[in-house]
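> Read off the chains here:
Number of protein chains: 4
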Amino acid sequence: MTFSMGRHFKIHVFGESHGECIGVSIEGCPAGLELDYKIIEDELARRRPGLYHTSSSRDETDQFDVKTGVVDGVTTGGPIMMVIQNRDSQSDAYERMKNTPRPGHADFTAFYKYNGFNDYRGGGFFSGRMTAVYVLAGAVAKQILSIRNISVLAHTVQVGNIALEQNPTDDELARCKHSNSTGCIDTNVSRLMEEEILRARSEGDSVGGIVECRVLNLPIGVGEPLFDSIESRISHAMFSIPGVKGIEFGAGFKAASMNGSDHNDQVEYTSNGLVWRSNNAGGILGGLSTGAPIVFRAAFKPTPSISKPQTTIDLAEIKTTELRVTGRHDPCIVPRAVPVVENLTAFVMVDLLMLHDVSISSSVLP
Amino acid sequence: MTFSMGRHFKIHVFGESHGECIGVSIEGCPAGLELDYKIIEDELARRRPGLYHTSSSRDETDQFDVKTGVVDGVTTGGPIMMVIQNRDSQSDAYERMKNTPRPGHADFTAFYKYNGFNDYRGGGFFSGRMTAVYVLAGAVAKQILSIRNISVLAHTVQVGNIALEQNPTDDELARCKHSNSTGCIDTNVSRLMEEEILRARSEGDSVGGIVECRVLNLPIGVGEPLFDSIESRISHAMFSIPGVKGIEFGAGFKAASMNGSDHNDQVEYTSNGLVWRSNNAGGILGGLSTGAPIVFRAAFKPTPSISKPQTTIDLAEIKTTELRVTGRHDPCIVPRAVPVVENLTAFVMVDLLMLHDVSISSSVLP
Amino acid sequence: MTFSMGRHFKIHVFGESHGECIGVSIEGCPAGLELDYKIIEDELARRRPGLYHTSSSRDETDQFDVKTGVVDGVTTGGPIMMVIQNRDSQSDAYERMKNTPRPGHADFTAFYKYNGFNDYRGGGFFSGRMTAVYVLAGAVAKQILSIRNISVLAHTVQVGNIALEQNPTDDELARCKHSNSTGCIDTNVSRLMEEEILRARSEGDSVGGIVECRVLNLPIGVGEPLFDSIESRISHAMFSIPGVKGIEFGAGFKAASMNGSDHNDQVEYTSNGLVWRSNNAGGILGGLSTGAPIVFRAAFKPTPSISKPQTTIDLAEIKTTELRVTGRHDPCIVPRAVPVVENLTAFVMVDLLMLHDVSISSSVLP
Amino acid sequence: MTFSMGRHFKIHVFGESHGECIGVSIEGCPAGLELDYKIIEDELARRRPGLYHTSSSRDETDQFDVKTGVVDGVTTGGPIMMVIQNRDSQSDAYERMKNTPRPGHADFTAFYKYNGFNDYRGGGFFSGRMTAVYVLAGAVAKQILSIRNISVLAHTVQVGNIALEQNPTDDELARCKHSNSTGCIDTNVSRLMEEEILRARSEGDSVGGIVECRVLNLPIGVGEPLFDSIESRISHAMFSIPGVKGIEFGAGFKAASMNGSDHNDQVEYTSNGLVWRSNNAGGILGGLSTGAPIVFRAAFKPTPSISKPQTTIDLAEIKTTELRVTGRHDPCIVPRAVPVVENLTAFVMVDLLMLHDVSISSSVLP
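Chains as they are written, first to last, in the working numbering: chain H, 1451 to 1816; chain X, 1451 to 1816; chain U, 1451 to 1816; chain L, 1451 to 1816.
For the record, the hints were derived by calculation from the structure and aren't laboratory data.
Keep in mind that this is a model prediction, so the values were computed, not measured.
Be a bit skeptical, because a hint or two may be false.
Copies of the same chain are indistinguishable here, so a pair counts whether it falls within one copy or spans any two.
Think about it this way: if two alpha-carbon atoms lie no more than 20 Å apart in a straight line, the pair counts; the simulated DMTMM-like pairs of lysine to aspartate or glutamate are [claimed, not checked]:
#1 Lys1548 - Glu1767
#2 Lys1769 - Asp1620
#3 Lys1488 - Asp1621
#4 Lys1758 - Glu1653
#5 Lys1769 - Glu1718
#6 Lys1704 - Glu1615
#7 Lys1548 - Glu1718
Next up, chain H with everything else stripped away, as it sits in the complex:
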C-alpha cells in the first residue's frame, strides 16, 4: 500500500473513481514559488474526457482546488494539497458488475488482494481517473522545471496499426504541441489514428498505442546510481499509469539487434560546445543524463472496457459467466495519456534534479 512516490519532491495520492474526490498532496515544493493556476488548469484540460470527439462521454469538469501550502498564490514550503471533486460518477452500472470482474481490469486481482473489500465502483483507486492527480502534480513540477528552462514534451506515435513514421525534431515537437485531437503532431497521421479509434468503437472494441516523451535541456549528470537511474525512476512512474505494458529508452528494443559500433553514440567538441552525433542512448548513460534529450516510448494496451461480450467468472456464484461491459469508456486512452505521461515525467525530473543538487553538493564541499 504505497500511494506515495518520490524522495524530495514527493506525491501522496488518495481518492477513488466513484468516491467523493481524488487528490494529491505534494511535499518538497520550495517556498516562494508563484504558482500559476492557469498552467495547472490547462494541463488538466488536456486529459479531460469529452474533449476529443473520440473519447468517453463521462462529463467531468475537473475543477481542482488548492487547499493548503499556498498563501496569496505563493508556496509556503508546506504540502500543497489539491483536490478534484467527482461529480459525474454513475455507480449503478458497477453495482451490477460487482461480482463479475471485467476482463483486463484490476477487479479480479483487487478482489483477492483486499478479501472482497475493494471499492469495486469503477475500479476504485485502480481507475485511470487517478491519473488526473498525476497531472496536477506534474503541472506544479513543470513550473519548477521552466525556471531552469527544462521542458517535457510527449506526443502520440502510434494508435492501433497507425504509426507516425517521421521522427520530429525537438523544435517541431515544441511547436506542434496540443495541436491534434489524438496528440499526434502530423495532421494526416492524426486523422488516420482518429479513424482507427472510431472503427474500434463502432465494433464495440478498443485499440492501444504508443506515446513518446522527451525531456529537453536537462543538465549532464542527473540521475542517481545504482538504483535511482533516470530509466529506473521514469519506468517506475510510467508503470503507475494504468494500461502501460512496455517502455523503452532511445533505440530501445531495436538495440537488441544492433551492433555496438552502430549503437554507441559519439560525442565531439564543436563550435557549439559538446555535440552528440546520435542519440541511441535516449540521453542516458549509466543511468545519468548525457545532455542530449531524454527520449522514451511507453506502450499502452487497448482499453479493457469493451462492449463486446466476454467470458469472466461470477465470484459470488463460483461459476463461469459472460459479461458485456457498459458505462462510458474511451475506445483508446492514448490521446488522453499524452499529458499524463508528460506531467508525470515532469514530476520525476524535479525529484531527480533535487537529488542531483545534493549529490553534486556544491554547498557541502568548498
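The hints should help you fit chains X, U and L onto chain H, whose structure is shown.
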C-alpha cells in the same frame, strides 16, 4: 546516491569494478533460514566470465564470503553481508583511457556528476561487474521463494538478429534451464546465437539481445498499488542492470496494435480451478499478480566496449579525439545477463511478497 | 520537508493553522476494517480547545470528514484521507506580528528557513493545531490495536510545580481515563494543577508539564533493531508534537544514578506465566518489547504565547523591539496534549506491529 | 529489521559482537572529499575498551579498513564501506548463558523476536560493540562538518551520583575535549566519577550516567518539519545507542516546572549581530535550529552486565533460575559513550544539512 533497493527485503550494494571488492548487505531476511551456500555458488557460476567460450577472458573466480548475519549456517535476523574480492583487475588499460570517455559507457556522465572524482577504473560502480552482487542477493531470495514453491526462470530469446521463435511452455523452460552456453533453451537457435556473437567479436564489434523472464506460482494479489506495482518494481530493478534499454510485460509493445477483444485475457472456472485462457497481461492486472505466470522481456544494448576505433573527446585537452577500447570484454553480455535478470527478479519478488503479507494483514484483522 | 511518518502504517499531513483546513491521509490501513467514527469524534473532543475552562477560547468544533478510503463505513485498502476545516481562525492578530517573531515560537526559524515565504499566520504548519490530525490518525490506529486487545493510556503527571506522586496501577489508569479537566487521574492533584494553570493565566504567563503514557498488552519482541527500536520510534513521534523538550522511558533520567543491581528488571516463571518483578526498563530491552507495559514520560515546555511583554526583533526594520502576544492561547497545553500523546503513540504502535509481523515472517518460513 | 538510517547521508550497519566483523557502509558522501584516516582512528580510539583503567578488559585494537568508495584517499561518490574485524571475542562464556537471558539485556526479547535463532553470543547485533561503527560513520561526517566550521562536542555531566554542577562555556568545552578518563571536563569531578565507577566495580555492580552534547555554528533553519525536526532525528539516533533511556533538549524536563516568561529565549540585534539572551530551547524552535548551540543530554542506564547473582529464567527448561554474569564488562559505559554520542550526532547533522540545502533550494528557484 542511492545504492539501496527494497522496502522489507532490502539490499545495500557497495564496491567498484577495480577496487578491493564488491559486496552487498541484505536486510530483512527472516531468522531461521538454513542458507544453502551451494545454491549461491551455482547462481554466481552462471554469470561468471570465462564460462562460455564466447565471453570475456577476465578470470574472476568470484568466490564469495558471507561475513555477517549467519551463525552455523542459519540466518539470525541481522544483515547478511557478502563480499566478493576483486582479484584479476587490470587497471592499467583504464589509466590510459582516463580522460577519453568510452562511447556508450558511463565514463562521460560520471565525470560530470562527480566533478572528475569518479572512479574511472573499469567504470567504477557503474561496471557490469556490480551485477555479481545482485546474483548473491537473488540466490538468497530464491531460497525463500522455494519455500513457497515459487520459481523464477529466465532465458535468452534474442541475440543480435537471431531470435527464438518458439514460445516454450513453463515446463520446458524449467527443464532446459542452464543447458546452453547462450542461455537459449533451443540447441539449434543457441548455436546460431553463438555464431552471431563470434561474428561480432571477429569484427571487433558487439551485439545486443533480449532476455525473457517468468515467475511461476506467485499467489494472486501480489503487488502494491499505486506505486509499487509488479511492473514498477521489476522495471525499476531491471534498469539497474547496465545495458538494459527496454522492458515489456506480457504482450508488451505488441499490445499497442491489438484490439481490446484480442488483448483481454479471460478467466474461467474449470475442474482444475481458475484457468486463464491467455496471458497477454503477463500475469499482471492493476499492477497485481493474476495467478498466471509473470512474463516480461528486457532488451539489452550491444556491449559498448568494442575494439573498433570510435570518436570521443579528450576531457583534459578539451578536444575531439579517437579511441580504441582495449581490455577484456564480452562481445555480448546477454548470456551472462540471464542469471542476473533471474536473480534480481527473485529479490524483488520476496520484497513484494513481504509487503503483500502485511497488506493482507491476516494477523492484524480478526 | 518531510510531512510523512511511518513505514507500513503511514501518515501524510497537510494544512496550516489559519488556512482553509488541516488534514491527514493514512496509508496502509488494512481493508475490511469497520471504522467507528464515534471513536474518532471522542478522541478529537478530548483535545478540543474550550473544553476545559482553563484553556484557549478559540472555538473550533473540529468536525472531521472522511473523504476517501472508506465505502459504507468499511475500509477499502486505499488511503484514508480526513480533513478538518478551520472555521474560527482570526488572522488579524498575526498580520500585526508578521515581522516580530514571537519568542519561543517557530516564527523566527521558519522565516529564515523559507526566506520569508513561511505562512506566519498562527505559526502555519508549525502550529499546535496540526496535532488535531495526529489524533485523527491515532483514533484509527486505536481501532486496529483494540482488535489485538492492546491499549494506550496517557495521563498528566505534572503541571508546573504540581506533580502526581502516586504511581497508578494500569487498572487505575484504565478506569480513571478522561475523568478530570487536567488529564490527571487524582481529583485532588488535578484541582491543584488547575489552580497552577489559572495562576499562570492571571499573571499573563504560562506553565509546562509532563505527560506519562503506557502501552498495555503489546506482545514480546515488537520493535526493529537497530534503528527502529520502540524508543527511537516513539521519541521521533513525540518530538513532532510542538512543545515537547524531553522524553524518558521507564526509570529514565533516574537510571543515571542507579546501580545495575537495582535497575535490572528480573523475570520469573509463575503460575501466571512470565512475570516481571519490576519495570525500570519501561517494557523495552534492546529496543524490543518485553511484555511488560511500555512506559514513557514526555516533558512539555510552558506555552510560548504569553501576554507579558517580551523582547524580540523586528525583521523588517532590523532592530530590537518589544512584543506583547495577543490572541487566544492555552496557559498550559498539557491537558490537551494528553490525547495527542496517546493517539500518536497508538499510530506508532500499529506501524511497529506491522513491521514485526513481517519480521517474524511466519508466513514466509515454513 | 532496519539497519539503515538517514535520508541523504545514510548508514547501513552490519555485523555482530562475536562474529567475524562489524561494519558500516556510508551512502551519500560527496565525491572529492579527502578523507583523513587519522581523524577516524582518533575518534575510534576514544571509545576503545581498555583505554581507561576503569573499563572492560576486552582487548580490541579496533583497526578499521576502508574497503570501497575511496581512491587515492579521495571519495568517489560511491558507498564508503568500512570494516572492523573482531579479534578478541571469547564466546565460551556466552555459550553457557545461551538459555538464561541476562537481566537488562536484549537476550530475552531477541529470543522471542527471532524464534530462538538470534545470535546469543555477546548479544549479537544488540551489543554495544556495534557503536564502534557509529563512530566510523561520524568521523567521516565530522570531516564534512568541519568544512562548514560546524563542530560537535560531547562530555560527561553525570556518573552515578556524581554530577558536574558547572555549566561550561562552549569555549571551555572545546578546549578541554578528551582531557579526562571519564569524559568530564572538570578534573576534580572526574576523579570523583572514577571513584564512583571503581566502587561499583568492587561491589560487582555498575552505574549509569548522563552525557551532554552540543552542536556549534549550525546555520539558522536546519531541520525539516514536521517529522524530521532536529529533536526527532537526534533522539531517534540516540536511542539507537544501547543503554540510552532518556533525552532532553535545552532546559528539558526542567521546562515542565517553568513559566513561559522564564523559559522563552529572547533574541536581539547587537553590534555582533543576532544574539540570544538565553538558550532554554537548546537551540531549537519548531524543530529548526535558531543559530544558538544545539544542546541535549542523554541518560544512560547502568551497565546491565554485573557479577552479582540475579534471578532470570531458563528458556530451555522453562523454570526460574539464578545467573551470575561473567565475561569482561564496563562497570560504567558513560565515558566510552561520549565519542559515540558525539559522532552519531555529527552523522545526523550532515544528513539534516543536506536536506536543508535541498529545502532552501537556492539552486531550484531563481
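> Is it within, between, both or neither when you check Lys1548 against Glu1767 at 20 Å Cα-Cα?
within (12 Å within a copy, 56 Å between copies)
> Indicate which option fits the pair Lys1769, Asp1620 if close means a Cα-Cα distance not exceeding 20 Å: within, between, both or neither.
neither (54 Å within a copy, 27 Å between copies)
> At most 20 Å between C-alpha atoms: does Lys1758 with Glu1653 qualify within a copy, between copies, both, or neither?
Classified as within; 8 Å inside a copy, 54 Å across copies.
> Cα distance capped at 20 Å. Does Lys1704 pair with Glu1615 within a copy, between copies, both, or neither?
Answer is both: 15 Å inside a copy and 17 Å across each meet the 20 Å cutoff.
> Checking an output row: Lys1769 and Glu1718, CA cutoff 20 Å. Within, between, both or neither?
between (65 Å within a copy, 8 Å between copies)
> Reference check for the pair Lys1548 and Glu1718, CA-CA at most 20 Å: within, between, both, or neither?
between (61 Å within a copy, 17 Å between copies)
> For Lys1488 and Asp1621, with the copy left unspecified, which applies at a CA distance of at most 20 Å: within, between, both, or neither?
neither (24 Å within a copy, 56 Å between copies)
Hint check: violations occur at hints 2, 3; the rest are consistent with the structure.
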